[in-house]
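Student: Mind docking chain V on chain R? Use the hints.
Just so you know, the sequences run in chain order R and V.
Under our numbering, the residue at position 95 of the first sequence is numbered 97, and the numbers go up by one with no gaps.
Under our numbering, the residue at position 74 of the second sequence is numbered 882, and the numbers go up by one with no gaps.
Hints listed in this document are in silico derivations from the structure and should not be mistaken for laboratory results.
Take these hints with a grain of salt, some might be off.
[Stated by the list, open to error] Calculated lysine-lysine pairs in the DSSO-like style (CA-CA distance at most 30 Å, straight line):
{"hint": "1", "chain 1": "V", "residue 1": "Lys917", "chain 2": "R", "residue 2": "Lys36"}
{"hint": "2", "chain 1": "R", "residue 1": "Lys146", "chain 2": "R", "residue 2": "Lys159"}
{"hint": "3", "chain 1": "R", "residue 1": "Lys66", "chain 2": "R", "residue 2": "Lys159"}
{"hint": "4", "chain 1": "V", "residue 1": "Lys917", "chain 2": "R", "residue 2": "Lys146"}
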Amino acid sequence: MSDHDSHEHHDHDHSHLDGMELKVRTLESLLVEKGYVDPGALDEIVETYETRVGPRNGAAVVAKAWNDPAYLDRLRENATAAIGELGFTGRQGEHMRIVENTPQIHNMVVCTLCSCYPWPVLGLPPVWYKSAPYRSRAVSEPEKVLSEFGVTLPEGKTIRVWDSTAEMRYLVIPERPAGTEGWHEEQLAELVTRDSMIGTGLALSPDETT
Amino acid sequence: MSAREALAQIASIPRDCGEPVFAEPWEARAFALAVHLNERGVFTWSEWAETFGANLKANTLAGEPASYYEVWWQTLEEMGERHGLATALERSHRSDEWQAAAARTPHGKPIEL
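Isolated chain R (complex conformation) (with noise of 0.2 Å):
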């Protein structure tokens, strides 16, 4: 089941392609079409490296969420502006929502398209989390999708599967782990991976961190 808030339509709102996306765009569909270039190949090497892509800026907003109830309370009521606070802005940066987990609610993200996903924030978007299958299995079977990425939730915990738009973007602050009380935000923003961001994984535990 996915919950939607009252998302903001812009009707004559249309998509832009311009820059450097929109050179890549153009010569790797030429390149595709023309058989020099095979689609699958380069999304693997592309995901190869996609967890060292962007500047993970979300880390440090997890981070700064759990040490900071101030701030917390400044995210919950305008993600947008406080993420804006640490100097993260920019166009995918926008329309920001944080869900919370909690000991009885796992939230996890699922969107279809890259125009869609905060980059700034997050990091590069994993490819599957693009593909149809993820999507409609994260709606429908999501306790088997989560155990397919090695996460086991306790018994009876609910899971909140959102629907990211260009609207509306949700940045997901996973639970603070166990052991890491008094820790500093740069150690404890360590522990935050892109996956804990989109609920497709938890924050590290101390010891699996070196």
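Tutor: Structure of chain V alone, referenced to chain R:
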């Protein structure tokens, strides 16, 4: 040549803990395209390294230097022409088609030609 070996041969590729880092998603795509075209035998990696190195050098002398991956991209377009993969004219037409596709696609929907 694998991506790993390709990386090893171009020391200037920006890295963090030995892994390449990309400031924006298109940079990863640009990196992958060059590696993939080499894997498919379109050009050798030494030809790539040589052409890219020369462009990088010319760029440092330019009035307003382009970013590392912008130069990488210029090299990719140049290699595409040199090896007859896509001409500047073809790119220009295709670019117009993508812009038209974007203009008729509402926000949040996939842009398709």
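Student: State for each hint whether it applies.
Tutor: Hints and how they fare:
A threshold of 30 Å between alpha carbons decides the hint, and for Lys917(V) with Lys36(R) the separation of about 26 Å falls inside it, so the pair holds. With a C-alpha separation of about 14 Å, the suggested pairing of Lys146(R) with Lys159(R) holds against the 30 Å cut-off. A distance of roughly 25 Å separates the Cα atoms of Lys66(R) and Lys159(R); the hinted pair therefore holds under the 30 Å criterion. The straight-line distance between the Cα atoms of Lys917(V) and Lys146(R) is roughly 28 Å, inside the 30 Å bound, and the hint therefore holds.
Taken one by one, the earlier hints all hold for this structure without exception.
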